[in-house]
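Undergrad: Those sequence lines, one after another, are chains A and B. Under my numbering, residue 315 is the last one in the first sequence; the count climbs by one each step, no gaps. Under my numbering, residue 230 is the last one in the second sequence; the count climbs by one each step, no gaps.
These are calculated hints, taken from the structure and not from any lab test. Just so it is clear, the structure is predicted and the values come from calculations on it, not from any experiment. A couple of the hints might just be wrong.
Unchecked claim - Derived lysine to aspartate or glutamate pairs resembling EDC-like cross-links, with alpha carbons at most 20 Å apart: (1) B/K150 to B/D59; (2) A/K241 to A/E288; (3) B/K150 to B/E26; (4) B/K103 to B/D83; (5) B/K102 to A/D145; (6) A/K313 to B/E88; (7) B/K191 to B/E222; (8) A/K190 to A/D211; (9) A/K190 to B/E88; (10) B/K103 to B/E167; (11) A/K187 to A/E265; (12) A/K190 to B/D105; (13) B/K25 to B/D148; (14) B/K150 to B/D198; (15) B/K103 to A/E239; (16) A/K109 to A/D211; (17) A/K187 to B/E88; (18) A/K241 to A/D145; (19) A/K313 to A/E265; (20) A/K313 to B/D83; (21) A/K290 to A/E239.
Said to hold, decoys possible - Residues of chain A placed beyond 10 Å of chain B at every Cβ, according to the derived structure: (22) T83; (23) S88; (24) G106; (25) L115; (26) P119; (27) I122; (28) E147; (29) G152; (30) I169; (31) K190; (32) P286; (33) V304.
We put the CB at the ideal spot given by N, CA and C, even for glycine.
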Amino acid sequence: MGILELLNFYVIPGIVLGSIYALGAVGITLVFAILRYAHLAHGDLATLGAFIAFAVVTAVGVSPYVALPVAVVATAFIAVGIDKVFYEHLRERPKIITVIASLGIALMVRAVVQVVWGVDSESYVRGISRPDVYFGLRIRDREIFTVLAMLAFVGALYVFLKQSKWGKAMRAMSDNPNLALLSGIDNRVVVMLTWVIAGGLCAAASVFLGINTELKSMMGWHMLLPMFAAAILGGVGRVEGAVLGGLIVGVAEELSVLVLPSEYKAAMAFVILLIMLLVRPTGLLRGKVL
Amino acid sequence: MAALLSMENVTGGYGDADILHSVSMSVEDKEIVVIVGPNGAGKSTAMKAVFGLLNVRGGRTVFDGDDITGWSPNRIVQRGICYVPQVDNIFREMSIHENLEMGAFLKKGDLSAAYDRVYELFPDLKERRKTMAGSLSGGQRQMVAMGRALMLDPKLLLLDEPTAGLSPKYMEQIFQISRDVRDTGVAILLVEQHAKQALAFADRGYVLAAGQNRHEGTGADLLADREIAEMFLGG
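Please work from the sequences and hints to get the whole structure.
TA: As structure tokens, this is what we get:
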């Protein structure tokens, strides 16, 4: 097999899939770092975002790229709402209670998606998209948009966390919650911002998954393990780590087909997660150990 | 003139058990007051009581004319008391400058005067303002922690064992900086394990034992008292 074939059939799809995982993993890593629990509803919340975009696409007849911002904003609001209605009351209880509650939310959100949109596969756009060829590399427009959008979203988040007052407050709350509270940082605002970002980005992840493949009511749930693997691989609390982790998991899943039957593709994330937790639990970029 | 801070017969603890039993102490304007005593005497607890981190069941705390008993730490910070915990008192993954910025989170408007004031007290920090606080040595971390607390321009600074785990050289430096801070018009109440050195440097001291007042006086008087020396200061 030539190098071009390797790039075209494994690495490029891996980078696209990895960018999608990265968008989800960033939210998981922020929730982990600031709220300190694993959010198991992240995947199904993402599914809801993808179907909100689908509703806009079918109702208004626009392209999924136009529906994307609507889905991002709507899912951000829904994430804040879920926190206010469910998780907020559990804040003082042991974290495992919130983790299990989030599993319940995952089932609830999935049920809503299945009741409203059914359990069959859907597509944003019918028909086949042909790749363009750049120096022998076969790349589709939607693949370029996926990677660029991921970089833009994550870049904007990075600048927000580094430069803005509330972005720094989020980092402070992740770093040392007691001292952040002693400094007068309002935890409620930080928690709300965390859900806006996590909710918005997971919607973006699954809209791009829908653009590149198809929409299914289980699409987000199936992304959950790779997204967690990406967050832990990169280091919990590290935005740039989640991106790196997402890309590694995405490419590893695609490459695994070379040596394993393709049914085992999804197991790659699990293998990476296990190895990382055993060998280097802080992740590649020295995150938190929870 | 009334004291800047006065604790009057404060009783309380964490949860339901009382650790402090009718403890009283006061701090005057621009005074350095140290709390010493054996382990488990309630020294840090007394300080936390001032800062609203304790369930206070009796007595009251008056600061600068206001009864602050039962106030939230947030409100107390805005009223002019800043607190430096003994451990985990910096943001490790943020730069020195960002640590100071977080200290002034509640302050509106231009912070440059506050930065200038803190960097003047801690010239070492100014040179390394972009350095991650977690990579600093213990003494420098303590300076970051104090600098963070000073950003809101408090009238009273609470320091919980600022020299714990520091070398004698850094201990002396922290004491010297505390004097400099006092000279800018800030009163300091601190808890110390190194009782002898702390009493020698403070204006006044309180000796606590078993959650109660035992002795009080000027640092020099307490140091000269044979009974105190034998009981608490290791002879």
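Undergrad: Which numbered hints turn out to be false for this structure?
TA: 4, 5, 10, 15, 31
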